[in-house]
Amino acid sequence: MLIRHKLTILFTAIGLAIQIAFTSFVYTFYSVYREQGFTVRLQGKARLFGRVMISRHSSQGVLDRALNATDLQTLTEEHISIFDQQGKLIFTNQTPAYVQQEARYIPSLSKRSSVQFTINRNEGVGIVYQDRGLPYSIFVTGYDRLGHSKQQNLLVILLVANLGGFLLIMISGWYFVGLFLRPLANMVSRVRGVQSDAHLTLRLNEGNQTDEIAQLAMTFNQLLTQLQTTFENQRQFVSHASHELRTPLTTVLGTLETSHQYDTDPADWRISMEVAMRELTKLIDLTNSLLKLAKTSDGALAMTPIRLEECVMSAVSQVKRKRAGCTISFQFGEMPADDFFVVMGNEILLTTALQNVIDNACKYSRLAVRVDLFTQPADALHVITVTDQGIGIPLDDQPHIFEPLYRGQNAGQAEGFGVGLAITQQIIQRHRGKISLISTPATGTTVSIELPAYEARPLFLA
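In terms of full-length UniProt numbering, the sequence shown opens at residue 1 and continues consecutively.
By construction, these hints were calculated from the structure, which means they are not laboratory data.
Predicted model, so just to flag it, every value in this text is computed and none were measured.
Misleading hints may appear alongside valid ones.
Label-pair restraints from in silico Cβ distances [what the hints assert, rightly or not]:
id, residue 1, residue 2, range
1, 207, 153, 26 to 34 angstroms
2, 86, 26, 43 to 51 angstroms
3, 429, 221, 21 to 29 angstroms
Quick list of in silico lysine-lysine cross-link-like pairs, PhoX-like style, CA-CA up to 25 angstroms [said to hold, decoys possible]:
id, residue 1, residue 2
4, 111, 88
5, 320, 282
6, 282, 150
7, 363, 320
8, 434, 363
9, 322, 282
10, 363, 322
Built from N, CA and C at the ideal position, the CB exists for glycine as well.
Kindly produce the complete structure, drawing on both the sequences and the hints.
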């Protein structure tokens, strides 16, 4: 069911419920008001009849003339009965069976001054009338034809008004809900037009940029921008990867073809095979780096509390074995209160990330590389900085340095594929950390890695 239909039905139901509640209140209030008003008329009739019939001891003819002169609005089906203090009937204009029903309420009058009752469709009252110190019971009943007629007319008016209100609410709800949802419908139609990456340049109308629909449009636009950036990065990545993969393959193919056509000496064959093996080794390293980049950007990680200083020392040790001529100094800052630099993470991946950063520093540095590990208690962070005194990174290259397969303009013939820092950034981000760098060309580079400190929860043993 469409939202428009749901909202229309919802608001119509709410409006109808309010109408029914209001109608019931009005009808019930009018019914009580009519009954009270008719009861007052009956009591007035009873007192008037007592003054005329009992106090003056008038005859039936005199009574009728006095009643007609005093109460011009004669009651429909008016019945009057008078009983003395012994409960003996002294006057009535009704049948014995009817009088017998009225007589049942005489005991009630001994406890209170008046009673109300209903006989068939007639409403009645009974009062105690005092004359010369003697109590008389006077009962007057009648049918409120005018009151019931007005009540029925009111019911018809309310039902017609409810029906009209129901139709009006339903139609206006359908119209205004459609009016309010029209931007959303336009948005859906617009988004359906994005069927490929060629349409990612489309953007939704953000309207006034303040209401919920405008915020939804802004969110969609941000998503489309991210998708567009992702697709563009993917195309660039595929292009760069294809180029990087093609280069060693072309070298291998050219070397083997040349050797096949021109080399006749086994020594030349050996040289050609060594060149091909080096290029194939580079190709394998590049393929492994690309696979590692894909793995770090997808899938769940097994996280456990690990000591960060052990990861740093392991990474330093591995880099020293790879680059025996590189001098690396590792210094601790102030030790945390628990004597450990503990983070929640994956030890293998964090060691790989640190190894990439330290290896890059050694690759481009002429002097010793410095690694510092310290804690920022105020921010609950453990920070690792790797500082080299190498060639630095040009300012134009710094915004792109973490992009896959991107290499700086001054990288020259240095080994590498431009994948290491991209892998490092993804690993750090997956550990809810942050990596940044400050570099000055021809001076050196400092890479900072911030990781949230692990807060161990105390264990309570029963």
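To see whether the hints hold, each was checked on the structure:
no., hint, verdict
1, 207 <-> 153: 26 to 34 angstroms, "50 angstroms, violated"
2, 86 <-> 26: 43 to 51 angstroms, "47 angstroms, holds"
3, 429 <-> 221: 21 to 29 angstroms, "24 angstroms, holds"
4, 111 <-> 88, "18 angstroms, holds"
5, 320 <-> 282, "21 angstroms, holds"
6, 282 <-> 150, "101 angstroms, violated"
7, 363 <-> 320, "11 angstroms, holds"
8, 434 <-> 363, "23 angstroms, holds"
9, 322 <-> 282, "16 angstroms, holds"
10, 363 <-> 322, "11 angstroms, holds"
The earlier numbered hints that this structure contradicts are 1, 6.
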